[in-house]
Amino acid sequence: MDLIASFAASFFNQLQSPTLAFLIGGMAIAAAGSKLSIPDAVYRFIIFVLLMSIGLDGGMEIRDADLAALALPALFAILIGCICVLLGAVTLARLPGIARDDALATSGLFGAVSASTLAAGMVVLDEKAIPFEAWTPALYPFMDIPALVLAIVLATLHAQKSKGADGQYGVGQIIVDSLRGSALSALILGMVIGLLAQPGQVYEEFYETLFRGFLSILMLVMGMEAWSRLAALRRVAHWYMLYAFFAPIVHGLIGFALGWVAHEVVGLSPGGVVILAVISASNSDISGPPTLRAGIPGANPSSYIGASTSIGTPVAIALCIPLFTTLAGVVFAQ
Amino acid sequence: MDLIASFAASFFNQLQSPTLAFLIGGMAIAAAGSKLSIPDAVYRFIIFVLLMSIGLDGGMEIRDADLAALALPALFAILIGCICVLLGAVTLARLPGIARDDALATSGLFGAVSASTLAAGMVVLDEKAIPFEAWTPALYPFMDIPALVLAIVLATLHAQKSKGADGQYGVGQIIVDSLRGSALSALILGMVIGLLAQPGQVYEEFYETLFRGFLSILMLVMGMEAWSRLAALRRVAHWYMLYAFFAPIVHGLIGFALGWVAHEVVGLSPGGVVILAVISASNSDISGPPTLRAGIPGANPSSYIGASTSIGTPVAIALCIPLFTTLAGVVFAQ
Amino acid sequence: MDLIASFAASFFNQLQSPTLAFLIGGMAIAAAGSKLSIPDAVYRFIIFVLLMSIGLDGGMEIRDADLAALALPALFAILIGCICVLLGAVTLARLPGIARDDALATSGLFGAVSASTLAAGMVVLDEKAIPFEAWTPALYPFMDIPALVLAIVLATLHAQKSKGADGQYGVGQIIVDSLRGSALSALILGMVIGLLAQPGQVYEEFYETLFRGFLSILMLVMGMEAWSRLAALRRVAHWYMLYAFFAPIVHGLIGFALGWVAHEVVGLSPGGVVILAVISASNSDISGPPTLRAGIPGANPSSYIGASTSIGTPVAIALCIPLFTTLAGVVFAQ
Amino acid sequence: MFHPATKVTIIAEQLLQDKLIDAIEAAGAKGYTIVDGSGKGQHLTRASDRAVIVSDFSIIRIEAIMADDAQAHALATDVRDRFFTQQSGIVYLSQIEIIER
Amino acid sequence: MFHPATKVTIIAEQLLQDKLIDAIEAAGAKGYTIVDGSGKGQHLTRASDRAVIVSDFSIIRIEAIMADDAQAHALATDVRDRFFTQQSGIVYLSQIEIIER
Amino acid sequence: MFHPATKVTIIAEQLLQDKLIDAIEAAGAKGYTIVDGSGKGQHLTRASDRAVIVSDFSIIRIEAIMADDAQAHALATDVRDRFFTQQSGIVYLSQIEIIER
Ligand SMILES: Nc1ncnc2c1ncn2[C@@H]1O[C@H](COP(=O)(O)O)[C@@H](O)[C@H]1O
Ligand SMILES: Nc1ncnc2c1ncn2[C@@H]1O[C@H](COP(=O)(O)O)[C@@H](O)[C@H]1O
Ligand SMILES: Nc1ncnc2c1ncn2[C@@H]1O[C@H](COP(=O)(O)O)[C@@H](O)[C@H]1O
Ligand code: NA
Ligand code: NA
Ligand code: NA
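Residue numbers (this note's numbering), protein chains in the order written: chain A, 1 to 334; chain B, 1 to 334; chain C, 1 to 334; chain D, 1 to 101; chain E, 1 to 101; chain F, 1 to 101.
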């Protein structure tokens, strides 16, 4: 009861958060048929700056982070990525009128991670002055890659015909491709530079300064895309909508639970737990799709991209972030 | 005499204003045949940031603005928009060798509003530390839309053949299209977010920080475009040049006069009066043309776009802004 | 010995410099086959902002710089530009299996100046808190243009067939074309605005704020390009690699020597000497190639662009900047 | 395996894009490809990727491959009649050979 | 001086670009030209220059002019067989006249 | 209503753009359409929209539709002779059917 009240409060409070306001604003103007659009070049630059910024910060922090504390959450991240995909494989894939390939691709996407949701989560925690380990974003690849790998492997095992013209699309190849994707390379490059060089000044002067602003614009883009893809989604089975709505919440709760364990065992901070939950709730919007496209050519992109951008991402950002911030407040209050 | 001296002084002083320097610089390098160019994607992003910034600021202010004070200026804005178009219809349209459609489209453009001129005016007032109500940019649509609507309606009434293949282009449609234009949607979205969410931090950290710099680059683009369109303009009747030179001044004076009334009646600040005058003097460069193109397909864009970008905008920025700032100094000194 | 130790120290220290870290990072991810890429529009915007920023700063400084002190370095810059080209003409061009046109184009490129290397040098000096005259970047055109002109003239004299379809490509034309190039126009426009207007505020608020960040991204691009062009370079004579490696060092030493003279005669600051040396060591990456392409159509771009972007620029930034900063420390310590 | 087909290429201003796509789909084309561009004709000259204040006037080039030559001609005529009598744009047809999937 | 030649035009998703280029060079084409675009077909609809979350699915249009008509047909068949049975994309041929350099 | 016409397509480096346009207009074309691209030929390989240090070498594709086939051939020959003997670029012709406005 109390939780519900406090959740309601926190949620309403969220609506005041600019981060979310821009997301909703994007949907609104897209729904209104506005011709406003953010140039693709700018969008790609924004993604780069956000991930480079997260990477630099994380890299500088990892220097004096105790790696033991990092190990368990990383292990959990891998676990979560796989569990989410398996969950999809035994639920969505079993539903009537759902092609197995499509279901596996969708599960892979929802098991993987979204950079934009991660960034949004970090800013919201900042807004609420909830501290978290700056290395938590480093968990991204540990969850993202296993999810994509598992989904593709399942699809390939199941159907021989799924083997693209490019013959076997091996596990190694999948991992390499994910790491080569623009999102992960920017994140990792940032971490390495943060770890080895002294980018402190350029980070504060430039990357940190632009972070919130760029995120606000990214949220706008996400909102516009979400709406404009709904049309495509309507054409596919309604099960996708249901899955896209509930998967982030369930995945997030799993993440939160394991995060809580990490809190008890290695003292992961409450903020860190929220980040882990948010990462789990998020679904890949940049790196995932092309990897899945190449790995499961038989799957129809309209289904998994539509489900993810139109419903999954908005739910992860607008619903899950406030949900888990509130949960943390309740759980870690004692 | 004194006024002239002080105007001369203020004008020379303006030449020192970076805002103007970039505009002239843009013309200069275009005239020199420089290959320098601002990528279109960047230009569109700059426009977005400027209008979002103006909108956010305005929205946050409107919260505690007294709406009564807003009503009269808004009414005046509508009036001015219509008067300007009618003025054009009885002057430019009557001139020898001027196609009525072209004349109406041009009047519509000069009755409408330019976001860049508005932004330039705001920065110049800042430079001179002249305060103004942050909601004044909200007057933009109140002047812009009526002007475009009236121009198109006049053209449609006058000539049946003007009815585009798309049949009747109704008033409602025109209004909707204007609001859907990238410029107005960004402005309005910004206002709504500013009104409902708390974007204060992201506004100060990001939008406000970039404002002047982006404006300087926008001025550069305006200057380059102004020069590069002169060629096209030369091919059309010289009357356009005359109109494009005097219209902004006349429209601005009308705006200033009604602004003065608003000052007396509802206490619009001197800075607010200047903004109203600058808006009136400005001519639409982003939202207007496409709307007119669709609404008056018979009109030749070279004439109205040339007149506006090559002469109208430079005059509005380089001549009218200093003129009305000085005027305000003189008029509101007493 | 001591020098070597201190150089080694300074060089290792450099590796800590974010500027360099981003350059190497760029090479690394390109080598790793990352799909990360900076949109071209953003890249062009970054170049613009960097050069405009350098120009504005320089222009504001020149106001109260004593022009006599400027004259000698400018003269030296012209000298260096020509010497470098002649050096190339008597070395590279004489080597077996090297087409004279290719050799001259390459010499021209290495005699000319790189905006990115210049910017990197300025930031590194800032990082090390070594002051330098803000007008030193004004030496850029004085070295850049003569080098390009001389290279093209030599090529044209030598081979009648080199005369492009566009007939004689006169010296005047070459100079005009260089000045019209996007890099030089931005620099010069910035200087003029800095000299005549008062862009102080927009400079500090915007251009200076973005400088380091944009440079870091530019370094990334340079690194990625360097690697991706290596392939093309491998196909041309290996002499180019040797030349591309040693030319920057030799050119830089010439620049340093003449800079030292300027220090003795007109009191050019040690920082200014380093800038002169860095400019000399740099090789043109933006303005030069198109001019050379038009001026020496017979030359094969793969050779000169490859040599410059893949080896010349990295050597100039990663090797020469620390080298000359250290040298300055040693030489001007006494 | 290879079939003759007709390619309809429409070059017009961006602000007509949606209407042209409707026309193409109405005419029974199974798909279309759009590329952005710039150009010059009887009317305006358009800049390409340098900042243009009025991007809606920039040029798009749409090509639609149609199996039925008559339908293709009908599409061309329809587009011409409805748009290019008044507004900027051209349409032309070319004979190609398509390979069935 | 003018020779007949065959132009192979391939429209596909960006993520196939490298593989398609290999196929083109393997088929013996001396060169190719790529333009970015957007479009619609049996599968996805793609946005063009407005921000698209998944740019790898955006469309590219590759044209390769080949002197040998048989090679051109072979290329088209090869590309169709290896890619477009499963993935998005089309390929078509047109007869052109090229001027030797 | 439909007339045969010849389309001249020129693919070259951006830095030739102005000269090529002059040649096209001199040859009597009523208009032209340009799209940016990338490509590979005997000379350089060009990247497309990723940052390229030297954008002047990037590729443009110009097409000009001409009513008079002889003029079109003349244009192709002229362009070839004046530019493509030395510099990067190709030009080809195709027969199309244009609808009069
Ligand atoms: N003869 C032509 N060849 C190629 N493209 C043309 C031609 N005429 C017109 N266009 C294209 O069609 C657009 C509109 O032409 P117009 O309606 O004549 O202004 C121009 O901007 C060009 O891109
Ligand atoms: N009939 C067509 N005409 C022109 N382009 C087409 C056509 N069909 C498909 N395309 C292009 O090929 C891409 C992939 O088509 P599809 O594999 O059918 O989804 C589409 O996005 C279009 O760009
Ligand atoms: N066979 C070809 N097919 C299509 N485009 C070509 C061909 N050869 C050359 N090109 C284009 O023409 C440009 C210049 O070619 P080149 O002069 O051979 O380097 C290349 O970058 C390609 O874009
Ligand atoms: Na997930
Ligand atoms: Na107006
Ligand atoms: Na040099």
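Any given hint could turn out to be false.
Listed below are several chain D residues computed to face chain E (Cβ distance under 7 Å; list not exhaustive) [unchecked claim]:
id	residue
1	Asp68
2	Gln71
3	Tyr92
4	Leu93
5	Ile96
6	Ile99
Quick caveat, the hints were computed from the structure, so don't treat them as lab data. All residues carry an ideal CB built from backbone N, CA and C; glycine is no exception.
Structure-based check of each hint:
no., hint, result
1, Asp68, "violated (15 Å)"
2, Gln71, "violated (17 Å)"
3, Tyr92, "violated (13 Å)"
4, Leu93, "violated (12 Å)"
5, Ile96, "holds (5 Å)"
6, Ile99, "holds (5 Å)"
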